[in-house]
Amino acid sequence: MTTSKIVEGWVFDVQEEPVGIGVWIIDREGRTRKLLHGFKPYFFLTGNWAAIKTAIQRLERWHAPIYLEQAEKKEFYSDRPVPCLKVSTDSPPAYSKIIRALTTEKERPWDLYTCDIPVTQLFFIETGLFPTAKVGVEIESRNSLISSISITDSPWETDYSLPPLQIMEIDMEGGSGNPAHRPMGRLIVKIDQREMIIDEDPLISLKQIISRYDPHVIVSRWGDSYLIPKLQKLAAQRNESLPFGRESSGEVPKKRGRSYFTYGKIVFTASSHTFKGRWHLDLENSFTVRECGLEGLIELARLSKIPIQRMARTSTGTCISSMQVDRAIKDGYLIPWRKSQVEDFKTAEELLVIDKGGLTYRPVPGFYEQVAEFDFASMYPTLMAKFNLSPETVNCRCCPDASTVPEIGFRICSRREGLIPKTIRPLIEKRKQYKEKVKSAADPILKEIYDRRQSAHKWCLVTCFGYLGYKNARFGKIEAHESTTAWGREMLLRAKEVAEQGGFRFLHGLTDSLWVKKTGAKKEDYLELGKLMEEKTGIPIALEGIYRWISFLPSKQDPRIGVPSRFFGLFDTGKLKVRGLMARRHDTPGFVKKAQEEILAMLTQARDRKEYKEILRTRVQSLIETCMDGLMGGKMNPEELSILKRLSQDPMGYEHGTMTAAVAQELLARGVKLMPGEAIQMVITDASAKDPSLKARALGFFDLPHTYDQGKYREIFLEAIKELDLDGILEGMLRGTPIVDLSGIGLPQDQGPGRQKIRVGPLDR
DNA sequence: AAAGTACGGGG
DNA sequence: GTGTACGTACTTT
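Numbering (this note's numbering), first residue to last: 11 to 775.
Just so you know, these hints were derived from the structure itself, not from any lab.
The beta-carbon is built from N, C-alpha and C at its ideal position, and this holds for glycine as well.
Check the hints yourself; a few may be wrong.
[Said to hold, decoys possible] Simulated crosslink set (SDA-like; lysine to any residue; CA at most 25 Å straight-line):
1) Lys603 to Asp737
2) Lys107 to Pro173
3) Lys44 to Lys63
4) Lys217 to Pro193
5) Lys63 to Ala111
6) Lys546 to Leu369
7) Lys286 to Ser160
8) Lys645 to Lys623
9) Lys655 to Pro715
10) Lys566 to Glu538
11) Lys396 to Arg499
12) Lys457 to Glu439
13) Lys200 to Pro173
14) Lys440 to Leu369
15) Lys63 to Leu45
16) Lys587 to Lys396
[Unchecked claim] Here are the simulated distance ranges between beta carbons:
17) Ala611 to Asp224: 40 to 48 Å
18) Glu665 to Ile177: 43 to 51 Å
19) Asp453 to Arg300: 20 to 28 Å
20) Glu665 to Lys116: 36 to 44 Å
21) Lys442 to Pro193: 48 to 56 Å
22) Ala74 to Glu150: 18 to 26 Å
23) Ala689 to Asp224: 49 to 57 Å
24) His666 to Asp224: 46 to 54 Å
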């Protein structure tokens, strides 16, 4: 006879077992234990009777027990009921194999649905559990088998309690860049408010620390790509164990690193090293943790029901996609598998009208005072929710006379609410609640937590839109994407018209923001305008702020025209807003960033044009001189000089001998493996050298006798200065210096060999 | 001059 | 486990 017992705590992690799902629970005291749940993953088969019969014959070849059940579900796009067969098994490994076998068979007469959802996620959807859910679990105490679960928590809760987590941090000394790109340094471990630098054997020390503190979370920098595999290799060489996880079997499951294209550029995701019963989070391999912290990560995992360690390594797009799957399953739909859907036919002229994206205007470059900026809050998600924009609602079969999208005339279903609007509506609402809590919370720590959570939501909503346009997305359709941008253009146009009718001058517009001014207008006038714009568009628009001054930068190719999204300005609150300046770029040397930021900080004291110029003439000039002295004296440290570049190619795949190619090849020769999308850091040694290998060196291997290219760095520095210039004040101060061409019509760029030796102008003494 | 290479945005 | 924009700017050939 078995006795039962209740375990109370939080769901910490889940994992696939040979049979069932392992559920890690943390109790109030912080103790971690694993329980077993008998969940049976399932998928659906559709087809005629003969097809199903053949499929069943295939299934009978498997030795794992298989359960069959008749069911009726709805087809997603048509919304029609479909009779189908639910196939389930109690073994997750067998489940994957069966699906692979049934989907790879050529000319199969059956179709599979709901068959490519990760098993752990299917488990969460089916049981209503989610990562960090507060639960009471009834188990048979003899074998830890779960007999029932009560959930006292909800993903929609804004004030939830979390388990007490002991967090350990590991890093390697020697700077912020990738430690694989420099000689090996010592380990740094932080835990329990203590910092330890490991001088002794790293394996022995780590084992001691882990067994003493038993952390729930290991937060690393470069853990996935370097630290963890390096330590494991070391352990393997010595035939020792290294218990990162709480289970010896299947220690550190691993997925290969990969490079992939997204938003027009290649990015690299390092191979993941996750632990069983303990979270490993790599700050350098997790957008969500870096941008929104552990709080944001937990928030997204709770909503998407993606286990924490996977959520950390995946995109916010996957998060929203997962929520859509959850919604669709709950609504009784068959989940389409690996969608391959062609765009509806369009003529060439139609394409021209449709594929326009967001509206961008060209600002007239220059320095303006008393300018207001208005922003539509989460414009695209709001439009998707308001106008029911979703793959299955655009040009649906059921509503031939439905209302249409402006410009492009697509029809939108009036019969059913789309999956996308249904999914994001509560998200928009929850984000709003968090934003209100940020404002009202008295405790600064709580404020910060709410802010990180709302920021995580924001990223989800942003990617949700991008995802709509991806033709192979599970729930995406290009026409839905185009309808969203068409409505967006319409809304920006309406707002612009309202402003102009009110006598405001329209200075600049960018997708969901607009900049306007009217001489003598007060804050109340702008607020009034905002209200009018809201009335005219029907969607929320906020006064982002009133700038004391704002500078729209000119194009470098044609100084008469401005460029969208390169500007900086000072709000009347004293806050700066900076877009597209060199300080915002990853490939700007650190000292240039720092100098530009310092100058901007000085300029926050300027209330108008006159004071701006005065600050340039006085404080900025002396800052430039100091910085130039350090640079030209050859004393600048390599970290400050380093430039970061992301590889777009395999190191040997470059056609041109650029600095990036040369340094990637240098690292390769030193045994560093590099993938497209990975970042490297370099110091420019001689930008004009004929031999590419002399142009620059990898930061990690830059030391004596190398010297940096003072002339080149000077040019870069002066470019950054020029961005902040007004009425040629700084240019005038710097005139007469050789090499430097501030006006764009001065001396030629290349002054022959040895830039370092070139005589420098008055500023450099 | 043309082609190759890389960046930001969003907050 | 997804996402191949778009405009600008610089370098190399």
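| said: Under the constraints set out in the numbered hints, which ones does this structure not fulfil? | reply: 2, 3, 8, 10, 14, 15, 16, 23
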